[in-house]
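Participant: The lines below spell out each chain.
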Amino acid sequence: MTTTTRRPATGTTSTMRARPSRPGRGVWPRIAVYAFLAAVTAVSLTPTVWVMSSAFKTAFQINSGSGLWPSPWTLQGFADAFTEIHLHAYFGNSVLYAVGGTTGALVAAFLAAYPLARYSFRGRNALVATFSLALAIPLVGLATPLFFVVRSLELFDSRLGLVIFYAALEFPFTFIVLRSFLLSLPGEIEEAAVMDGAGYFTIVRRIVVPLSRPAIATVCVVAFVKIWNEFYFANLLTVSADNHNVQLALAGFKSQFGFNITGALAGAVLVMLVPIGLFLILQRQVIAGLTAGAVK
Amino acid sequence: MRGPILLSLLPAVVLFSVFFAVPLVVLFGTAFTDWSGAQLAFVGLDNFARLAGDPVFVKVVGNTLFYLAASTLVQVPLGVAVGIVLATKVPGWRAFRTVLFIPFVISGAAYALIFSMFYNPRFGLLNNLLVPLGLPQRDWLYETGTARWAIAGTFVFILGFVIVVTMAEIASIPAELYEAAEVDGATGWQRETRITLPLLRNAIGTCVLVRLLADIGMFDLVFILTAGGPDDTTATLALYAYRAYLNGEWGHANAVGLVILLLGGALIVAVRRAFRVGERDR
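These protein sequences, in sequence, are chains W and U. Going by the UniProt record's numbering, the first residue of the first sequence is number 1, and it counts up by one from there. Going by the UniProt record's numbering, the first residue of the second sequence is number 1, and it counts up by one from there.
A few of these clues could be false.
[What the hints assert, rightly or not] Once the Cα atoms are required to be at most 25 Å apart in a straight line, the calculated DMTMM-like pairs of lysine to aspartate or glutamate come out as:
1. U/K89 x U/D184
2. W/K254 x W/D242
3. U/K59 x U/E192
4. U/K89 x U/E192
5. U/K59 x U/D184
6. W/K254 x U/D232
7. W/K254 x U/D34
8. W/K254 x U/D184
9. U/K89 x U/D54
10. W/K254 x U/D139
[As the list claims (entries may be wrong)] Which chain U residues stay away from chain W? Per the calculated CB distances, all over 12 Å, these:
11. W35
12. R50
13. F57
14. K59
15. G62
16. G79
17. R94
18. A95
19. I114
20. R122
21. G134
22. E143
23. G145
24. W149
25. L197
26. P198
[Said to hold, decoys possible] Footprint (simulated), chain U over chain W, 3 or more residues, beta carbon under 8 Å:
27. 142 to 156
28. 269 to 277
Honestly, the hints are just simulated from the structure, not real lab data. In this text, all values refer to a predicted model and were calculated from it rather than measured experimentally. C-beta atoms are modelled at their ideal positions from N, C-alpha and C, and glycine is treated no differently.
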C-alpha cells in the first residue's frame with residue numbers, strides 16, 4: 001500500500017492529484033453513458049459527414065436523394081472545384097489573410113504584452129483593461145464605422161487592407177493569452193541578461209520569444225483558424241471576387257447547387273479540411289488556446 | 001527603458017486606436033444623426049424612435065433572443081453534460097472529445113452550405129429520414145413555422161467549446177473532495193450532481209458569456225441560409241443593421257449597432273452577476 005503525502009493546495013493544478021476516474025460501476029450505467037455519447041455524436045456530426053460523403057457522389061445520385069454513401073465514387077467534383085469554380089485563387093487569398101493577419105497580430109500583441117507583463121508604469125493597468133475590453137464588444141455592431149475607417153485609409157477592397165484589419169481583429173485575444181503566459185514566466189533569466197548589459201529588444205528577441213514558444217504556437221493556430229473561417233468582415237470590406245476569401249466563395253457555392261453541386265460540395269470539403277486538419281495535428285494547442293482565452 | 005517600452009507598445013496602440021477606439025467613437029457620435037456618406041445631420045433620438053416603431057426591428061430582437069436562448073438552454077447544458085461524462089475518463093473519452101470538437105472549427109459559411117443540403121426539401125437527408133416514418137415532406141428553412149428552429153438546429157449541437165471548458169474546470173477540482181464523497185459512500189450520480197455540477201458555476205458562466213457574444217452578432221448562417229426570410233422570421237439584429245448599411249442609411253445602421261453593443265453589454269453584466277464569473281469559491 002502506498003502512502004500519499006498530503007500537501008496544502010497551492011492553487012495550481014499541477015500540484016493537485018487527479019480526481020479518481022471511475023465511470024459508473026456495473027453494466028447498465030456504462031451502457032447508458034455510451035448510448036448518450038453515441039446519440040450526441042450522431043446528432044452533432046451526421047449532417048457534416050453526410051455532406052462530406054456527398055462530395056464523392058455523382059450529381060445524379062445527389063439529386064435523386066438515394067443512398068447515404070456514394071455509389072459510384074467519383075472525384076469529378078474535386079476536379080471541378082479547381083477547373084470550374086477556381087477554388088485555388090480563393091485559397092491563395094485566404095492563406096495570405098490568415099498568415100499575414102496572424103503574423104501582424106502576433107508581433108503587435110507580443111511587443112505590447114511583454115512590457116505590460118514585466119514593467120510597472122503609470123497607465124499600465126488602464127491600457128491592459130482597455131485592450132481586454134475589445135474582446136467584450138460584439139464587433140458586428142461596429143460595421144459601418146469600420147467600413148468608414150477602412151475606406152478613409154484607402155484600404156477598402158484591398159488585400160493589404162484585409163491583412164491589416166485581421167491583424168487588428170485578432171490582436172486582443174492574442175494579447176491577453178500572451179500576457180497571461182508572460183506573467184507566469186519567471187523573470188530571472190532576463191534580469192541576468194540585463195546585468196550582462198543586453199538591450200531591451202535583444203532580451204525580447206533572444207530570451208523572451210524562445211521561452212514563449214508554446215504560447216506563441218497556441219495563439220498562432222487559433223488566430224489562423226479564426227481568420228480562415230472569417231466571413232462577416234470579408235464580406236463587408238471587399239467587393240471584387242479577386243479579393244474574396246474561401247468563405248465568401250463557399251457562400252457563393254450555394255448558387256452552384258443548380259448546375260455543379262458536386263464541384264461546390266468538393267470545394268466546401270477542401271475549405272473545411274484546413275481547420276480540421278490543423279486542429280487534429282495541433283489539438284493540444286487549439287484546446288489550450290481557446291480555454292485560456294475564455295477563462296482569462 | 002522608457003524609450004523601448006513606448007516603441008514596443010506603438011503597433012498595438014495604433015492597431016487598437018484605428019480599428020476599435022475610432023470606430024467606437026464614430027458609432028456613438030453618429031447613432032444620433034442622419035448620415036448617408038456625404039451628408040450628416042444631427043437628429044437626436046429619431047433613429048431610435050424609428051426602431052421602436054418598426055415591427056421588423058421588434059421581430060429581429062425577438063429572433064436574436066431566441067437564438068441566445070437556444071444556446072443557453074440546449075448547447076450549454078448538453079455540452080456540460082458531455083464534459084462531465086468525458087471527465088470521468090470513460091474508455092474512449094479522448095476520441096469522443098476530438099470528434100465532438102470538429103464542428104467547432106468548421107466555419108459558419110461551411111455550416112450554412114452543409115445545412116442548406118441537409119434541409120433541402122427535395123434531396124436533403126432530414127426529409128429522407130423523416131418521410132419514410134410517415135412525416136410530411138417539409139421545406140424546413142422556408143416555412144415560417146420551422147425556419148427559426150431549423151436555424152437554431154444548425155448551431156446548438158456544436159458542443160466542442162463547452163466540452164473542453166467544462167473538462168478543464170473539472171480537472172482543477174481537488175481530488176480530496178471526491179475522496180471525501182467516496183468515504184461517505186456517494187454514488188457516481190450523486191458525486192457528479194452534488195460536487196462537480198455546483199463547482200462548474202464559473203465554467204458554465206464563461207460558456208454562456210462566450211455564446212452570448214457570438215449570438216448577439218449572429219450573421220453568417222442566417223445571411224447565407226435564408227437571408228433573414230421567410231418574412232423576416234429568421235433575421236437577426238446584425239442582419240438588420242447590415243441591411244440599413246447597404247441602404248446607405250449609416251446613421252440608422254449605427255443606431256442599431258449601438259443597440260447591439262448596449263444589449264450585449266447589459267446581458268454580459270447580467271450573466272457575470274448571475275454566475276459570479278471570475279470569482280472562486282474554493
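Participant: Next step is simple, just say for each hint if it's right about the structure.
Facilitator: How the hints compare with the structure:
The suggested pairing of U/K89 with U/D184 holds, with an alpha-carbon distance near 22 Å, which does not exceed 25 Å. Taking the CA atoms of W/K254 and W/D242, the gap is about 19 Å. The hint holds against a cut of 25 Å. Between U/K59 and U/E192 the alpha-carbon distance is near 40 Å, which puts this suggested pair outside the 25 Å criterion. Under the criterion of a C-alpha separation no larger than 25 Å, the hint pairing U/K89 with U/E192 is consistent with the structure, at around 13 Å.
Of the pairs offered as hints, the one joining U/K59 and U/D184 is violated, with about 53 Å between alpha carbons and a cut-off of 25 Å exceeded. Taking the CA atoms of W/K254 and U/D232, the gap is near 20 Å; set against the 25 Å cutoff, the hint holds. Pair hint W/K254 plus U/D34 does not hold up; C-alpha atoms about 36 Å apart against a cutoff of 25 Å. With a CA separation close to 59 Å, the supplied pair W/K254 and U/D184 exceeds the 25 Å bound.
Proximity of U/K89 to U/D54 is assessed by CA-CA distance (about 52 Å); at most 25 Å being required, the pair is judged violated. At roughly 16 Å between alpha-carbon atoms, W/K254 and U/D139 fall within 25 Å of each other, so this suggested pair holds. Residue placement check: U/W35 does not keep its beta carbon more than 12 Å from all beta carbons of chain W (closest about 8 Å). Under the 12 Å C-beta cut-off, the non-interface status given to U/R50 relative to chain W holds; the minimum distance is some 16 Å.
Against chain W, the non-interface label of U/F57 holds: every CB pair exceeds 12 Å, the least being about 15 Å. Annotated as non-interface, U/K59 keeps its C-beta farther than 12 Å from every C-beta of chain W; the closest such distance is 18 Å. With a minimum CB-CB distance of about 18 Å to chain W, U/G62 clears the 12 Å threshold, and the non-interface call stands. Not every CB of chain W is more than 12 Å from the CB of U/G79 (nearest about 9 Å), against its label as outside the interface.
Against chain W, the non-interface label of U/R94 is violated: not every CB pair exceeds 12 Å, the least being about 9 Å. The Cβ of U/A95 sits about 10 Å from the closest Cβ of chain W, inside the 12 Å cut-off, so the non-interface label is violated. Not every CB of chain W is more than 12 Å from the CB of U/I114 (nearest about 5 Å), against its label as outside the interface. Not every Cβ of chain W is farther than 12 Å from the Cβ of U/R122; the closest lies at roughly 7 Å, contradicting the non-interface assignment.
Every C-beta of chain W lies more than 12 Å from that of U/G134, the closest at about 17 Å, which supports listing it as non-interface. The beta carbon of U/E143 is kept farther than 12 Å from every beta carbon of chain W, the shortest such distance being approximately 19 Å. Listed as a non-interface residue, U/G145 keeps its Cβ farther than 12 Å from every Cβ of chain W; the least gap is roughly 21 Å. Distance check on U/W149: its Cβ is at least 14 Å (rounded) from any Cβ of chain W, clearing the 12 Å threshold; non-interface status holds.
The beta carbon of U/L197 sits about 14 Å from the closest Cβ of chain W, which is more than 12 Å, so the claim that it is off the interface holds. Listed as outside the interface, U/P198 is consistent with that label: its C-beta sits roughly 15 Å from the nearest C-beta of chain W, beyond the 12 Å cut-off. Coverage of the stretch 142 to 156 of chain W by chain U holds. Counting CB-CB distances below 8 Å, 9 residues qualify, and the rule asks for three or more. Requiring three or more residues with a Cβ within less than 8 Å of a Cβ of chain U, the coverage given for the stretch 269 to 277 of chain W holds, as 4 such residues are present.
Going through the hint list in order, the structure does not satisfy hints 3, 5, 7, 8, 9, 11, 16, 17, 18, 19, 20.
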